[in-house]
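> Chain by chain, the residues:
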Amino acid sequence: MAPSSRHRLLSVLVENRSGVLARVAGLFSRRGYNIYSLAVAPTDDERFSRITVVVDVESAPLEQIVKQLHKLVNVLKIVELDPYAAVERELMMATVSADPDKRGQVIELVEVFGGSILDVGVDQLTVCLAEEPSRLDDFEELVRPYGIVSIQRSGQLALPKLDRRARLRSVAQRTA
Amino acid sequence: MKLTGAQALIKSLEMQGVEVIFGMPGGAILPVYDPIIDSPIRHILVRHEQGAGHAAEGYAQVTGRPGVLMVTSGPAATNVVTPLADAYMDSVPLVCITGQVGTQSIGTDAFQEADTTGITMSITKHNWLVTDASQIPTVVAQAFHVATTGRPGPVLIDIPKDVSNGTMEWYWPEDPAAGLPGYRPTLRGHPRMVREAARLIGEAERPVIYAGGGILKARASAALARLVELTGIPVVTTLMARGAFPDDHPLCLGMPGMHGNFTAITALQKSDLLIALGARFDDRVTGRIDAFAPDAKVIHVDVDPAELGKVRQPDVPIVGDCRLVIEDLAEVIESERVRSAESGRQAPDLGPWMAQVRQWQERYPLRYDQPEQGVLKPQFVIERLRDATPDDTIVVSGVGQHQMWASQYWKFNHPNTWVNSGGLGTMGFAVPAAIGAKVGQPGRTVWAIDGDGCFQMTAQELVTAASERIPIKVAILNNAYLGMVRQWQEMFYDQRYSEVYLSPDLPDYVKWAEAMGCVALRVESPEEVDPAIDKASNVDDRPVVIEFRTDATEMVYPMVPAGASNDDVVVGPAQGEGGH
Ligand SMILES: Cc1ncc(C[n+]2csc(CCOP(=O)(O)OP(=O)(O)O)c2C)c(N)n1
Ligand SMILES: [Mg+2]
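Those sequence lines, one after another, are chains A and B.
In this text, residue positions in the first sequence follow numbering that gives the first Met the number 0: the first is 0, and each later residue adds one.
In this text, residue positions in the second sequence follow numbering that gives the first Met the number 0: the first is 0, and each later residue adds one.
Source of the hints: derived by calculation from the structure; they are not laboratory data.
Just so you know, these numbers come straight off a predicted model, no measurement behind them.
Just to be clear, a hint being listed does not mean it is correct.
With a cut-off of at most 30 Å between alpha-carbon atoms, the simulated DSS-like pairs for lysine-lysine come out as follows [claimed, not checked]: (1) 510/B x 534/B; (2) 269/B x 296/B; (3) 309/B x 70/A; (4) 160/A x 76/A; (5) 410/B x 534/B; (6) 66/A x 76/A; (7) 309/B x 269/B; (8) 296/B x 66/A; (9) 66/A x 534/B; (10) 70/A x 296/B; (11) 76/A x 269/B; (12) 296/B x 309/B; (13) 410/B x 269/B; (14) 70/A x 160/A; (15) 160/A x 101/A.
Whole structure, please, built from the sequences with the hints as guidance.
Here it is, written out as structure tokens:
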């Protein structure tokens with residue numbers, strides 16, 4: 000399910016060392032904070048990793064969560080991403096029942112959502128979508144009647160939206 | 000220069016200026032115990048690793064320098080969990096070195112393997128598993144840096160046996176912070192916030208300074224004294240801050256909280272401005288939080304940003320080192336004064352507020368009744384001890400009623416003369432912590448005021464004290480009970496006493512103490528108190544234990560029952576008229 004109003008999105012830059020994820024996860028459980036989803040991988044600079052975490056702010060005030068996270072020695076930077084000022088994606092892989100006579104309909108749905116077909120079986124399809132979390136919810140709802148065999152979602156990823164005004168200005172300056 | 004990992008470790012500790020290590024050897028740490036023989040660092044062999052941890056805490060609390068302990072893997076590492084948790088709660092700088100099984104064996108359930116870094120993750124400020132001998136100097140330098148800067152706390156270095164047996168080319172890192180990109184404590188308060196704090200102070204009619212343990216950690220006692228002189232604002236000192244501002248100062252109101260005195264509790268409660276300095280609004284201080292100091296604005300200064308707003312939303316949050324912020328604040332207040340005087344503006348008169356405070360003090364003093372003969376009151380023992388010992392005596396306590404009485408009835412006139420387990424409330428803290436305190440301040444008299452229950456948890460460290468010639472003094476307030484628990488059962492469980500009786504005679508404390516190499520005395524009546532203290536004061540070459548047989552039914556008052564509002568403080572039968 001897509002996050003709701005009780006959720007906030009944090010992008011946490013950490014040192015890429017063994018045990019750092021355990022420290023972050025340990026902090027959340029020790030302080031009673033709930034993690035809604037979490038995705039982690041090294042950044043382009045392999046000394047660092049980025050943890051994109053959706054937290055439940057009903058379990059604790061966001062300010063406390065951020066401050067406690069900051070106290071971890073391996074945490075370098077925390078940014079709260081405002082959904083209106085961020086681009087967000089989540090990956091979903093799903094295996095869906097699709098008898099040969101229904102297969103066309105499922106494929107059509109996947110295409111509407113800009114997904115792709117990863118694998119085809121006798122009466123099942125495995126599909127893949129990278130979309131905003133709420134769009135994944137929509138897709139899930141629509142394929143449910145066909146029969147969902149299994150679904151795997153990655154947790155949300157996000158980066159801040161680029162400042163378009165600034166860019167226009169610099170383009171304008173260049174042309175001037 | 001080629002060194003083994005073990006040699007590099009000891010040399011790194013020497014580079015850090017370590018003068019003493021508390022510890023016990025064992026399999027995985029064996030390589031490191033060899034170069035200790037050739038090092039000027041003193042090693043004190045404890046009888047239980049928990050004792051090493053508390054001793055290191057006591058050392059750290061009286062010197063302001065980090066305490067160092069070293070133990071082996073597995074059971075030894077788990078034995079230090081309690082003192083690490085204790086130090087974490089009370090922000091005590093410790094560096095704990097643990098041995099670990101060889102890197103090839105990690106994860107195989109090898110003999111004496113425990114996931115030490117995993118177990119201690121949530122009770123250390125940071126910990127490290129060293130995987131190569133070449134990392135040792137860097138990690139040690141980082142560990143001391145993290146333990147002692149910002150909000151101090153315990154750190155742990157886990158060293159596998161093959162790493163300490165390995166070799167490395169010696170070096171010493173120039174800047175320990177270089178490899179810690181995510182660690183940069185803020186020390187200077189934000190000037191705008193400091194000015195805002197000064198403005199609130201200038202407008203307050205009923206201000207109180209709520210001084211916490213952070214004052215001691217930041218060595219801010221002198222700065223605090225200057226702020227008080229400048230403003231005339233009264234000060235409460237929490238359990239962790241006793242001595243941070245002298246009890247004999249007329250503006251010192253003493254300890255607030257669950258067993259604080261009426262005036263300190265009520266002054267906070269009725270205040271219109273709390274100036275919280277290095278304090279964390281602990282539940283034992285605030286009582287029911289939504290009823291705590293309802294009319295007060297709050298200025299909150301702490302070096303740990305996460306403390307600001309954790310419990311109570313401050314009106315003026317200031318992240319910074321207490322000493323630096325208080326100094327800045329005093330400066331701003333002083334220059335504001337000059338400016339207001341020039342413009343004819345006047346700060347509110349604190350006279351009526353202080354008159355009210357004095358009235359509370361007169362009406363509700365701390366009091367108990369010691370009959371001339373017969374049963375010995377614990378408070379009487381503490382007062383006699385206080386009056387018979389030097390002004391700068393270091394007092395170390397266990398956890399329970401005796402701890403509260405010690406904090407209430409002692410007069411702490413110097414910083415770092417009160418050592419106790421405040422946040423975690425660890426029974427068994429006193430004896431080993433007193434040993435560490437005496438090692439840190441060998442010229443000072445160190446008294447442990449302990450309970451009979453607590454004493455039984457870590458008494459064996461008196462063997463350490465006797466064999467290492469560390470002449471601490473221990474007063475056991477033997478009330479034959481787990482007294483604090485008994486008090487709760489008396490008050491809140493209809494006097495249904497469940498598993499709190501200990502017996503006054505079993506063990507025989509005098510024989511036990513003597514067997515551990517101490518001078519031991521027993522005191523059963525009021526008139527024996529002074530002579531026994533005299534005798535103890537004259538022993539200088541070994542530890543002394545006095546067992547005081549005290550009234551088993553005595554209760555700690557005042558008391559704010561758990562979960563109640565601080566408005567509902569119970570002052571107790573002997574103290575003042577009204578109350579509740
Ligand atoms: C390690 C530990 N276990 C249990 C407790 C709970 N506890 C708090 S005070 C207390 C009684 C302490 O008894 P004693 O040392 O005789 O002190 P008294 O209260 O009688 O002065 C107990 C059991 C604790 N604080 N720490
Ligand atoms: Mg007792």
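> Each hint: holds or not?
Outcome of the hint check:
At most 30 Å may separate the alpha-carbon atoms for a hinted pair to count; residue 510/B and residue 534/B meet this at roughly 17 Å. Between the alpha carbons of residue 269/B and residue 296/B the distance comes to roughly 11 Å, so the proposed pair stays at or under 30 Å and holds. For the given pair, residue 309/B sits about 14 Å from residue 70/A by alpha-carbon distance, which is consistent with the 30 Å threshold. Pair hint residue 160/A plus residue 76/A holds up; C-alpha atoms about 18 Å apart against a cutoff of 30 Å.
Our distance criterion of 30 Å between C-alpha atoms is met by residue 410/B and residue 534/B, whose separation comes to about 22 Å. Among the hinted pairs, residue 66/A with residue 76/A is consistent with the structure: their alpha-carbon atoms are about 11 Å apart, no more than 30 Å. A threshold of 30 Å between alpha carbons decides the hint, and for residue 309/B with residue 269/B the separation of about 22 Å falls inside it, so the pair holds. At roughly 22 Å between alpha-carbon atoms, residue 296/B and residue 66/A fall within 30 Å of each other, so this suggested pair holds.
As the CA atoms of residue 66/A and residue 534/B are separated by approximately 53 Å, the hinted pair breaks the 30 Å bound. With a CA separation close to 27 Å, the supplied pair residue 70/A and residue 296/B stays within the 30 Å bound. Between the alpha carbons of residue 76/A and residue 269/B the distance comes to roughly 41 Å, so the proposed pair goes past 30 Å and is violated. Between residue 296/B and residue 309/B the alpha-carbon distance is near 16 Å, which keeps this suggested pair within the 30 Å criterion.
Our distance criterion of 30 Å between C-alpha atoms is met by residue 410/B and residue 269/B, whose separation comes to about 25 Å. With a C-alpha separation of about 27 Å, the suggested pairing of residue 70/A with residue 160/A holds against the 30 Å cut-off. At most 30 Å may separate the alpha-carbon atoms for a hinted pair to count; residue 160/A and residue 101/A exceed this at roughly 39 Å.
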